[in-house]
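Peer 1: Heads up: the protein sequence lines correspond to chains H and D, in order. Numbers given in the numbering used here equal positions in the first sequence, counted from 1, plus 6. Numbers given in the numbering used here equal positions in the second sequence, counted from 1, plus 6.
Read the hints as simulated data drawn from the structure, not as lab findings. Be aware that a few hints might be false.
If chains are identical, the list can't say which one is meant, so a pair holds when it fits in one copy or spans any two.
Claimed, not checked - Simulated crosslink set (DSS-like; lysine-lysine; CA at most 30 Å straight-line):
{"#": "1", "residue 1": "Lys16", "residue 2": "Lys138"}
{"#": "2", "residue 1": "Lys138", "residue 2": "Lys181"}
{"#": "3", "residue 1": "Lys181", "residue 2": "Lys271"}
{"#": "4", "residue 1": "Lys271", "residue 2": "Lys180"}
The structure presented is a predicted model; accordingly, all values stated were derived computationally and were not measured.
There are 2 protein chains.
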Amino acid sequence: MNDEDAEEAKRRTRAWFETLRDRICAAFEKLEDDCTAADAQEHPPGRFAFEPWQREGGGGGVMGLMRGRVFEKVGVNVSTVSGTFSIEFAGQIPGTSEDPTFWASGISLVAHLRNPHCPPAHMNTRHIRTAKSWFGGGADLNPIYPDEADTRAFHARLEQACAAHGEDSYARFKKWADEYFFIPHRGEPRGVGGIFFDYLEGPFEHEFAFTRRVGEAFLDIYPELVARHMDRPWTAEERAHQLERRGRYVEFNLLYDRGTQFGLKTGGNPRAILMSLPPEVTWR
Amino acid sequence: MNDEDAEEAKRRTRAWFETLRDRICAAFEKLEDDCTAADAQEHPPGRFAFEPWQREGGGGGVMGLMRGRVFEKVGVNVSTVSGTFSIEFAGQIPGTSEDPTFWASGISLVAHLRNPHCPPAHMNTRHIRTAKSWFGGGADLNPIYPDEADTRAFHARLEQACAAHGEDSYARFKKWADEYFFIPHRGEPRGVGGIFFDYLEGPFEHEFAFTRRVGEAFLDIYPELVARHMDRPWTAEERAHQLERRGRYVEFNLLYDRGTQFGLKTGGNPRAILMSLPPEVTWR
Numbered sequence: 007m008n009d010e011d012a013e014e015a016k017r018r019t020r021a022w023f024e025t026l027r028d029r030i031c032a033a034f035e036k037l038e039d040d041c042t043a044a045d046a047q048e049h050p051p052g053r054f055a056f057e058p059w060q061r062e063g064g065g066g067g068v069m070g071l072m073r074g075r076v077f078e079k080v081g082v083n084v085s086t087v088s089g090t091f092s093i094e095f096a097g098q099i100p101g102t103s104e105d106p107t108f109w110a111s112g113i114s115l116v117a118h119l120r121n122p123h124c125p126p127a128h129m130n131t132r133h134i135r136t137a138k139s140w141f142g143g144g145a146d147l148n149p150i151y152p153d154e155a156d157t158r159a160f161h162a163r164l165e166q167a168c169a170a171h172g173e174d175s176y177a178r179f180k181k182w183a184d185e186y187f188f189i190p191h192r193g194e195p196r197g198v199g200g201i202f203f204d205y206l207e208g209p210f211e212h213e214f215a216f217t218r219r220v221g222e223a224f225l226d227i228y229p230e231l232v233a234r235h236m237d238r239p240w241t242a243e244e245r246a247h248q249l250e251r252r253g254r255y256v257e258f259n260l261l262y263d264r265g266t267q268f269g270l271k272t273g274g275n276p277r278a279i280l281m282s283l284p285p286e287v288t289w290r
Numbered sequence: 007m008n009d010e011d012a013e014e015a016k017r018r019t020r021a022w023f024e025t026l027r028d029r030i031c032a033a034f035e036k037l038e039d040d041c042t043a044a045d046a047q048e049h050p051p052g053r054f055a056f057e058p059w060q061r062e063g064g065g066g067g068v069m070g071l072m073r074g075r076v077f078e079k080v081g082v083n084v085s086t087v088s089g090t091f092s093i094e095f096a097g098q099i100p101g102t103s104e105d106p107t108f109w110a111s112g113i114s115l116v117a118h119l120r121n122p123h124c125p126p127a128h129m130n131t132r133h134i135r136t137a138k139s140w141f142g143g144g145a146d147l148n149p150i151y152p153d154e155a156d157t158r159a160f161h162a163r164l165e166q167a168c169a170a171h172g173e174d175s176y177a178r179f180k181k182w183a184d185e186y187f188f189i190p191h192r193g194e195p196r197g198v199g200g201i202f203f204d205y206l207e208g209p210f211e212h213e214f215a216f217t218r219r220v221g222e223a224f225l226d227i228y229p230e231l232v233a234r235h236m237d238r239p240w241t242a243e244e245r246a247h248q249l250e251r252r253g254r255y256v257e258f259n260l261l262y263d264r265g266t267q268f269g270l271k272t273g274g275n276p277r278a279i280l281m282s283l284p285p286e287v288t289w290r
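From just these sequences and the hints, can you work out the full model?
Peer 2: Okay, structure coming up:
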């Protein structure tokens, strides 16, 4: 890819992640408006607040955060950063052994819901350019009370997004998610899975189209799953169980999540990175 | 040290950790009885519940947990384990390059208080035997609202415990704590410090006496600091700030604490290891 094409690839991927962010935020705000749960009437519908930040060393991002009546805390971050990897990391990242410069853009989303029957979820996709260039990302569902129909619908929509990527893509990316979103010290998965993929170095248009389809799939199915449950009543016991289960999410993110560890150890913005942590958690 | 002496060292160190545990638990239960705060009268004085556990591979421990009116959640664990390090760890632990077998006994304590004016604290000491043998441990204070008199008293008592160990021991172990109990991604210390020490391979009687003095110092000063503040009233704002600050403790423990990482990755008991996590936490 020549320099002009590389710049065009950066411009288009970044624009996509920002567009996807805008559409997701609009969909989530609509759910805030639509909620009719008795408890929800005590709170005004939530709205996203956006806060830009600059990265020392190059680039920055925008943190989007909403504390609403459906979404107790949801963060949607877009960042586009560039610079030079430290010696420590340069060797670990493809294409950096001779030239440690990089460019990366991506969207990252974590939603924690007020209603214990609404499934929390995570989604992120990114494009990274060093001497090589690739796409990575994933999406998974972390219900407090797993619901078979939700799990099937979530996976079916992701499978559809994977179909044009390759015959075995869904099977591979689902397996990768099962392995990745696992909490070894608890001996349990962190949720009901989804897909996980990285280092997709195929032709740019092919991988970029796939990345967009993953975003579209998430936007299509996840608000639908939240809508299914957001008006259901819940008990104090269910709330207590929800706060306890959120502890597992924190354990996974701080002990095992590669993005979190990588971000914090490369001088990323801790407020943006830790926006994934639940608003309220218990360890009994 | 011959085999008979080694067995005697194991017997004595283990007995000390168990005795210290009993005395600390008694002191904490007394505080539960003594508390006169208005809010405390709604709850009965807490009592420790003890639960033994067995380690696959050798040994085990006893988890001690109290949920009281002064101590919202306090864990005091004693464990005595032995076995063979996995290949992954054998090279990293002194004295295991030729023989990967080990024996370890220790006490570990983390206290989270209900009253935001009472300082949370951590203390642990341990004796480890491989082809080498050594003592390690530490104690630090993590006030929500630092109080200069408390900080001075805590450090003064630890300094006294270090005095007979060596002229510069307190200065070295305090500096070690300042470096260790630091949260890099937040750019802030996790509390007001204390002492931290490891690989103390001096003469057994010398290091064991020091380890006992550290335990005695903690037992002497920490209940006193809790007693100073436990009857003070607090506001909803102070409680909210406390829950937020507890998040920093979780971040440190899961991202950086060597004992936590080591324990979870060597098949330790996750319930005992994660007993250090606060009962209720927020990330706003």
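Peer 1: Any hints from earlier that this structure breaks? Give me their numbers in increasing order, please.
Peer 2: No numbers; nothing is violated.
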